[in-house]
Amino acid sequence: MKEQKTKDLKIYNTLSGTKEYFTPIHDDHVGMYVCGPTLYSEPHMGNMRTFINFDLVYRYLLHLGYKVKYVRNITDAGHITNSAGEQEDSIGEAARLEQLQPLEIVYKYNVRFQNLQKTYNLLPPTIEPTATGHIQEQIEIIEKIMENGFAYEVNGSVYFDVQTYQKSFNYGSLSGRKVEELENETRDLNAQGEKRFFADFALWKKANDNDMQIWRSPWGDGNPGWHIECTAMSTKYLGETFDIHGGGLDLKFPHHEDEIAQSCGSSGKTPAKFWMHANMLNVNGKKMSKSLGNFFLPQEIVEGSTALFDKAYTPNVLRLFMMQAHYRSTLDLTQDALNASEKGLTRLTEAMETLKNMAVSEKSSIDVISLVNSFYDAMNDDFNAPILVAKLFDAVKKINLIRDGKDSISKEDQKLLFTEMSGFILDVLGLTFESDHKDNRLNPVMELVLELRQQAREKKDWTTSDLIRDGLKKSGISVKDGKDKTSWQ
RNA sequence: GGUCUCGUGGCCGAGUGGCUUAGGCACCGGUCUGCAAAACCGGUUACAGCGGUUCGAAUCCGCUCGAGACCUCCA
925 MKEQKTKDLK IYNTLSGTKE YFTPIHDDHV GMYVCGPTLY SEPHMGNMRT
975 FINFDLVYRY LLHLGYKVKY VRNITDAGHI TNSAGEQEDS IGEAARLEQL
1025 QPLEIVYKYN VRFQNLQKTY NLLPPTIEPT ATGHIQEQIE IIEKIMENGF
1075 AYEVNGSVYF DVQTYQKSFN YGSLSGRKVE ELENETRDLN AQGEKRFFAD
1125 FALWKKANDN DMQIWRSPWG DGNPGWHIEC TAMSTKYLGE TFDIHGGGLD
1175 LKFPHHEDEI AQSCGSSGKT PAKFWMHANM LNVNGKKMSK SLGNFFLPQE
1225 IVEGSTALFD KAYTPNVLRL FMMQAHYRST LDLTQDALNA SEKGLTRLTE
1275 AMETLKNMAV SEKSSIDVIS LVNSFYDAMN DDFNAPILVA KLFDAVKKIN
1325 LIRDGKDSIS KEDQKLLFTE MSGFILDVLG LTFESDHKDN RLNPVMELVL
1375 ELRQQAREKK DWTTSDLIRD GLKKSGISVK DGKDKTSWQ
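Letter by letter, the first sequence follows residues 925 to 1413 in the numbering used here.
I should point out that these hints are in silico values taken from the structure, not numbers from a laboratory.
Any given hint could be a false lead.
[Said to hold, decoys possible] No farther apart than 20 Å at their CA atoms in a straight line, the calculated lysine to aspartate or glutamate pairs in the DMTMM-like style are these:
| no. | residue 1 | residue 2 |
| --- | --- | --- |
| 1 | 1280 | 1318 |
| 2 | 1267 | 1277 |
| 3 | 1210 | 1260 |
| 4 | 1214 | 1260 |
| 5 | 1339 | 1274 |
| 6 | 1330 | 1277 |
| 7 | 1280 | 1328 |
| 8 | 1176 | 944 |
| 9 | 1214 | 1256 |
| 10 | 1193 | 1067 |
| 11 | 1211 | 1174 |
| 12 | 993 | 1385 |
I would like the entire structure built from these sequences, with the hints used as guidance.
This is how it looks when you write it as structure tokens:
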């Protein structure tokens, strides 16, 4: 089934602005590069959304049977943020604030980031290369660009020469910008500094006196420009051209545009066939961002320690919530929406339990094949996870109807449906079916308490049974009387 | 100021020319239950406004209003 589904995958390509059928460059091998975090602080939930979305992409490609090489970089070298070199680099600034060395900062936040990946059930990329580990590769790419005449040195710094580049290539092809219009768009025209042209960007920046990270180069001591690390590392691990390049929408311009320029300027080739951009996570309609201060830390949400939410949510809830919106749409993070996903997750989980232990019939009254096909069709349409989730809930409704005897399912169909639903829920969406009852000491106690209540109920001693129920309620445990047995949560 | 995107029912959020009642949650009705909750089934509510194209538009075009993103570090 998967083989015939593989060729139907369509991906929205930012380069063309349309959905295109996806065919890997090398048979069933896929090369994917995604821009990772700059580790000057703990990644917030907005950052996580992008990583979760590309985790979905990675997981579905694997599910289809592709062999995927997934490279996601760690930016551990700070970059001077404007061309005049006035602002401190982000990592250096954090290092000063926390009175640590830059690599201590990076290491500290990398440990947290790795933990977050486990918490949110992100599959580890094939490689997570660091910028500081690839300074030499970056220098070599810069030298190639200079050899090709698309860069120039000024006073120990090297800049990409956009005007010369324009004669052979088209700067702005990804973001749909035109160089001649860019000048009018630029808000700050005073930041030209040493550059020949306002749109030129730094490939290498001469060290300042207060720089905490400095490397040697043919042009003297300094540090690499903002965009060159991605070009160096994607080239090293995936080659000059590879299948998919992903990142947050806010990196489209100038970061990804400059990556394309650097690749074309060095190898003459556009690096990726498909460019994918994940949209932003919003809070009250505004992009979650560090500078606005409207961010939640992924760990805080799980711990229930955010000021805006009055309770904790599991990583599963957050994942399902994000999967209910398409990766190219903005998504508003609200407590109501999280509550909705939380309830939905319970329903989905319980239906899977029902399906697993379901009584089967001779024949099916439902069309399992077309149900399963709808899962693939959803994901093949540019990874449309919200449609997939909707189809899964359609299946949930069927499962419940079968359980109630209003529909029936054959043994083969039951097995197929369970396998496919499990595959999509666990492997593709990355959810887990962990039990809520993790406390091994509490479990036997609750069993005992509920047994006592059951005995009271059998004696019609409602006073005692309600006393137990209400008492548990006060400690946050709700009792659910099912048809056969009583459960708790 | 420039470029671009979006505006769907109480909330989140799919859909992009003609039955999608998308889906989740909430709400209402029912089943179940000692009661309540839970669970399950069923149901209601929409396409920012105005105009145009079309046999037909939430979907295409124009205008108005509103929101957001990028142009500076950003996932």
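- Message: Need the list of violated hint numbers for this structure, in ascending order.
- Response: 4 and 12
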